[in-house]
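Read top to bottom, the protein sequences are chains A and B.
No gaps in the numbering here: position 177 of the first sequence is 177 in the numbering used here, and each next residue is one more.
No gaps in the numbering here: position 356 of the second sequence is 356 in the numbering used here, and each next residue is one more.
Treat the hints with caution; some may be incorrect.
To be verified - Chain A stretches covered by chain B per the calculated footprint, using a threshold of three residues with CB under 8 Å from any CB of chain B:
| # | region |
| --- | --- |
| 1 | 188 to 196 |
| 2 | 226 to 232 |
| 3 | 348 to 360 |
| 4 | 406 to 420 |
Said to hold, decoys possible - Computed from the model, here is a short list of chain B residues facing chain A with C-beta under 7 Å:
| # | residue |
| --- | --- |
| 5 | Val37 |
| 6 | Pro41 |
| 7 | Arg80 |
| 8 | Lys81 |
| 9 | Asp268 |
| 10 | Asp276 |
| 11 | Pro279 |
The hints are simulated quantities; they were obtained by calculation from the structure and are not laboratory data.
Just so it is clear, CB atoms sit at the ideal spot from N, CA and C, and this is done for glycine as well.
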Amino acid sequence: MSRSELLAADGAATAALIASGEASANEVLDFWLERAGSDALNGYLWRADRESARRGVAADGPLAGVPLAIKDIFCTEGVPTTAASRMLETYVPPYTATAVGRVAGAGMPMLGKTNMDEFAMGSSNENSAFGPSLNPWDHERVPGGSSGGSAAVVAGGLAPWALGTDTGGSIRQPAGFCGIVGLKPTYGSISRFGMIAFASSLDQCGPLTRSVTDAALLLDVLQGRDRMDSTSVGIEGGIARPSAERLDGLTFGVPRGLIGEGIEGGVLARFEETLLKIADLGGTIADIELPHAGHAISAYYVLAPAEASTNLSRYDGVRYGLRASDEDLLSMYEVTREEGFGPEVKRRIMLGTYALSSGYYDAYYGRAQRVRTRIVEDFDRAFGDVDFVVTPTSPTVAFRLGEKTEDPWAMYQSDLFTVPMSLAGIPAISIPAGLARPDGGGPELPVGFQIAAPAFAEQRLLDASFALEGAIGFDGTAALEGGVA
Amino acid sequence: MSTEYEAVIGLEIHVQLSTRTKMFCGCELSFGDDPNVHTCPICLAHPGVLPVPNEEAVFYALQIGAALDCELSPISSFDRKNYFYPDNPKAYQITQAARPFAVDGRLGDVRIHHAHLEEDAAKTIHTGGAGRIAGSDASLVDFNRGGTPLVEIVTEPDLKSGAQVREWGQLLRATIKQLGVSDVNMEEGSLRCDANISIRPAGSDELGTKTELKNMNSFRFIERGIEAEIARQKEIVAAGGEVVQETLHFDPASGELHSLRSKEEAHDYRYLPEPDLVPVVPTQELLDRARGSLPELPAARAQRYEEMGVSEQAALLLAFETEWAEFFEGVLDAGDAIEPRVAANWVTGEFAAELRKQDDQPLAESKVDPAGLATLIGLVAAKKISHGAGKTVLEAMVAEGSDPEAVVAEKGLEQISDTGELEKIVVQAIEDNPKPAEQVRSGNEKAIGALVGAVMKATQGRADGGEVNRLLRRHLGL
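Chain B on its own, in the form it takes in the complex (with noise of 0.2 Å):
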């Protein structure tokens, strides 16, 4: 019998900060704009330049420790991480390494190990070739994002799939997003992540040989990746082999695993205590400040979502989206008496379902508020108007910004509460379909639906879905 394998996956996270300006100068972060226009002799690593360290980029960092349930240092203190690279120019990156400004925390399942400062690299960019700096005609280097406030979240090896991964980190982005101290926009990069996986068999303590995957701008792309490298280790360990020390690259659209570098190339990076900056010592009134900042974040959202009787799928669907939450909270207010699980799935369900249909509107740029929401769904809750009704008028509502009662009344959509009238239109309806109606007087149940759908066809969706129901059966003697 072969030995079974689990993976053991611990994660790197780096999350650009969204301060105003560089970790250790005054240039504006900037996403997009000409190249090199964010510099300065500080940046740049002109001879003779000091750091000076972000406080707006030290308490964002707090906030996040304080998020992730961490013990923040009484004092932190930079280091130097000497390496040589044109997208490095001091040719060491300040960061923290003995002493990281938090540690020993815990996020959902994972337990993080620490979480330190430091800056981002500028960006290279290789012309000709295929992109890499081998076999490239030149290379050129864009400074604006050279010294951008990082943290560097330090996960334990918690984690055992590439789906666990996905989820989590998920979570994790949401938690930070919900901070509002990054944008986590992982396409722009400013949310990365890199894994670091092993395989054991199934049981084990031991930790097997690792490898490094790096730096994927996607979570479904982390989680295939992932998987794929869970595969390519077990079947090295089955086939007799060794797993190797190797940081690789995975490559999305061929679903190839690329070696970026071997364990003997890897790079000695002679740290040092960084002598121009002075430890990091967070006064007790800011980290109160730090913890006592944190919004109500995703996980304890969705569990509060859930305890007001929300499903848990769109408990997270909320909780993970801060501005769908916002909406979500602010239907519920401004409606008398509307269940949460109800608009909780009109929110996340008819609503969100509309306004992708309609040009993929963002909730931001929507022409339909909280209250108007909260007024459609107070007429379907009061039978004022069918379920069927209630998504005609979302559809204009979300395409004109329309009142629902004004839409209702327009296109008469208000439900027939005479069941008089109604039931003609039931009778009618089976004279004009005298198949299904045989079949379901025959014991086929099932061929109902055709019968409500010609219902609603005649009343133009107008009618209550149960009542038909109701009248259908009786009329066809069940």
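Chain A on its own, in the form it takes in the complex (with noise of 0.2 Å):
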């Protein structure tokens, strides 16, 4: 088998490559450790070896042999787990995920945990302790974020797929960043025991792919009530691979009031033509209105800094991680949390325990809980109405490393699209929608059209998904050699 065919195949390609023979599980994990170990994205903040990323794999199970990579955020047991912070930089869990010994057990070996947003707050990639990932189609530019790494290891050709996680655009973002499938299943789909903890009620897990028949293939090992995880249900029935062609019937609403201010114009050019292509193949498009959507992002960064300052609390030097000062009690607190967390990272948890503190808790976080709800019932109305909400993925193509570093408003808009879905619990994917140049000129870069879906939806789709991703044949090769140095 030769090495480019290899690279071209994506996950599902690869697993039938080994099971027709025609590859052998040897072949294809050199292959990509080899890949994964000429990193020039900064992608991966640890990767394995034959050995170490075959620990605990199951030897059979349907996606036997098909390696991928995992964000640095999901506990490893005997691997460190850092969620790209100094504080667990020397973090080693004694334990695993469960998401991640659900791929182990479908065959799956590990070939290193990606680099990602400190504790997955950020959406560029540049709040990492251990520097920014770089996005493959231009390395001057960001990959998006919080899971910046997954996306750029699966664009640039250093992974086959990737795991990440979504808790407002997490995983949609940087996907459409960087021109590859991303989704973030319902809220309550995949466990999220061992996943290391920013906002509960809005972190999940799910797939970075090439293909959207490789997101469902990850979604249905992936999927599945926990025990350890009390929050989990998982999705009745799983997942089939996907294999619609046309999108008759189907009805795509549009929540114009949204989609306005601040969105690039090639941006809206790319999602205008995919909704072209929706109608050709049989689909309606129809207006719809989400009258409290605008408020979400406001809500967002209310309700996840609020969760995120207690979750992120646990981190005191008492029992593991940094301990930067043993002086006193207090000083240990103040001086490992000073030195352990990066900005970003500190301003959130400012922002949160001050929403939470008594006399303000009505006024921010039971306000936020309060348009949350109306959010919800956005949806519900609007999936009355229409079966799937479109928009694109984020306002803007890829952005330059320290463009909106000192501003993070500026930074926060990038969620903007994505923020609704994720408090309303409910699925939404982004597929790219074809190239664009930012506003102001600069290298042709992928744009995402993201697709929501009512809760526990995600058959239906997948298979949406599958149907657009066909008519629009979106062609991300030119990426591929831009992982390697």
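Got two chains here, each in a separate frame; can you build the complex from them with the hints?
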């Protein structure tokens, strides 16, 4: 099997090569380990060797031998897990996350742990304590975040596919920036056990892949009720490989009120073209209202930091991870947290602590919860009329490194279209819809198209995405060699 | 005239549940094991872990709620209570703040505001210094206890004195012990009590500024601590001062109260709904099972015993201690026609005293079974042996586990039923003790005791006291 054939194969195709005997599992693993070893994107924070890649991995299974990359937010027994934070730079978990156990149980070796924004807080991967991951389409640009490393290694040909997590867009936005598929499943469909918490009521594991079929295959392996996660329920009936070619009888709602200011011309153009393709496939386009979605970012940046402020309190220097001082108790807490956390994490801990403080709770947390309820109701109402809600994944294409680091609010706007679905807990996917130049000029970069569906309607979502993916015919091969030095 | 003040007291009682495992993980509960052997990533709050509620703990909690005559909530939920301390590994405690599992109950004359489920903290040991964190050389944490299921019971401020708190606390402890859901051992900390105390002019409806008395490990200390605090508050007010809201510790050794922290230092716990847990929605079947599984609780049992004729004191003693009650009922079942009052007096009186006398034997390890004690009581009731001889037999039974009838035969304790024989001994006793005999004859009836004693000594306790008295009086011409 030639290297170019192995590189060209997505997860499903690789599984087929192994199943047919055209390529051996060893050959496949060695190829991908070598690719991962020439990472020019700072996409990996830790890389496996042949032995460690296979540790705990089942010999058989539906995806046996197809390796994957795992975001460094999933705990892996015996393998460093940092969440891209100085706080956990030396942390080696004594247990393995359920999601990781599931892919290992399906026979998938682990190539390595991917870079991310510290504790999944960020939209550009620039908040990693270990330096940003780079966009394989243009190394001057961000891959998006927080699952930036996972998106970069998949798009840049350093892994066939990867696991990420999405709290407000952390799978979909980097998938869009890197020209790959990113799926955030319904909250509760995949166990969160062993996934380092950012905002517990929003965090959800999901796949970053080269194709919709791959997303379906991984989701089927990952989903399921887990007794270690009381909030997990799984997806009834599992997920079948998508095969739809048409969109007849399906209605796609466009929240026009949301898609206005701040959106780049090229992004909007690809979005409108994709709507036309939907119509070509027999689908119907309808305008819908999501009256409260405009407040989603504000509500999200109260709720997520509030939960984060308590989730990150455990990093106190007492039991594991960084302990920067042991002068006395207070200085151990203060110096450890001062040195262990980066600026964005500190900003969110401060925001969240403030929002939960006595006397402010109702004005901030309480009100944000009420907005969240309204947004849930908005989607419920919309799904009474349409089958899907569609938006661009992000208002812009991938921006330049450093372009938004001084302006958190501008950075937060990057999640404008992804956060409402997170607050509603519903599944949403980003598929590549073509290339566009940023406003003000620059190289052609991928544009993501987001499709959201009602809770647990993943099968329908993947079927429709598969049909649309075929019609769009996006070609990401240009980036595949962008990952290696 | 100075104003009379009355105390207003409410209690917060923490009950460690005796489930097999911890509240949110699979670690076994333990007491006294080596430090940090009952821990796992979950109770050590490693990154990424999630809590899973213990069903047994939920059921035990519902039983407590039912026993306290509470309304059991159709839906309850967990919240995070945030504070940093080394014994609190997540830096938040999972508790129930907004929606507890049980509300509006009553035990005896005290109303229950609510009861909620939560997890216990780990144990910190500060070495060097005074055992407090300030000034210590180092602090060690033992996470074995961390995550133990707790039910916190919060009363309305219905109590008025330290003595009432002690009595009610004992009733509560006996009630929970009866349920079998906790060891309720205050010294080991499986039952802990905090008291909120304020004073107000007698008869007023207003509530004064309260202080909180923390974590005392016996109801006797609680009683003393509360009395000391009430006295302190009255003194402050009498001197024209104002009580300051603070948390206090009572030192039973010195009898002094120390301030732990003032209101200004109070934590802002930044409560929020626990996003990692779904609400607890007990099924009707579970609620019915919790209510239906309640054993006879101490208050009801004491009442039943009193209705059987048992004295109030004995009834309460038996009702508060399940194993004693079971022993007592075993005696009644084993003996034909033993009067409950008599049996209760033997069990809580002579028998309990004899166990204490002989190395403080626990009832569970006693060689005496209810049937044996029933036989003994039967012998005394039928006047086959005297009450005094009965005690002698009991001593042997407790020491050796002997058969009472065999002891009677062996020691010749059978009561002297031949009046002629007894009469001879009585006459002899009067002759041998002329002084008390003369005193009785001249009107000092109390002196007869010495003569009774002489007869008893001569008969080695085998005489019936009533009969001895009758004969003595006749021969002394009374």
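Examine the region 406 to 420 of chain A for residues whose CB is less than 8 Å from any CB of chain B, and state whether their number is three or more. violated (count 0)
Practice task
Would you settle whether the hint for valine 37 (chain B) is holds or violated, based on the nearest Cβ-Cβ distance to chain A being less than 7 Å?
Solution key: Violated. Min distance 15 Å.
Does the closest beta carbon of chain A sit nearer than 7 Å to the beta carbon of proline 41 (chain B)?
holds, 5 Å
Interface restraint verdict for lysine 81 (chain B) against chain A (beta-carbon cut-off 7 Å)
violated, 10 Å
So, aspartate 268 (chain B) near chain A? Judge it on the closest CB pair being under 7 Å. Holds - the Cβ of aspartate 268 (chain B) comes within 7 Å of chain A, reaching about 5 Å at its closest.
Let me know if the C-beta of aspartate 276 (chain B) comes in closer than 7 Å to any C-beta of chain A, holds or violated.
holds, 5 Å
Please check whether proline 279 (chain B) passes as an interface residue: C-beta within 7 Å of a C-beta belonging to chain A. Status violated, d = 10 Å.
Practice item. Between the region 188 to 196 of chain A and chain B, see if three or more residues pass the 8 Å beta-carbon test, and mark the coverage as holds or violated. Key: With 5 residues in contact (Cβ-Cβ under 8 Å with chain B), the coverage given for the region 188 to 196 of chain A holds.
Verify this for me: three or more residues of the region 348 to 360 of chain A with a beta carbon less than 8 Å from a beta carbon of chain B. It holds: at least three residues are needed, and the region 348 to 360 of chain A offers 4 whose Cβ sits within less than 8 Å of chain B.
Quiz prompt | Cβ contact check, 8 Å cutoff: the region 226 to 232 of chain A against chain B, three residues minimum | solution = n = 5 at 8 Å, threshold three: holds.
* Against chain A, with CB atoms and a cut of 7 Å, does the hint on arginine 80 (chain B) hold up? -> holds, 5 Å
When held up to the earlier numbered hints, the structure conflicts with 4, 5, 8 and 11 and fits the remainder.
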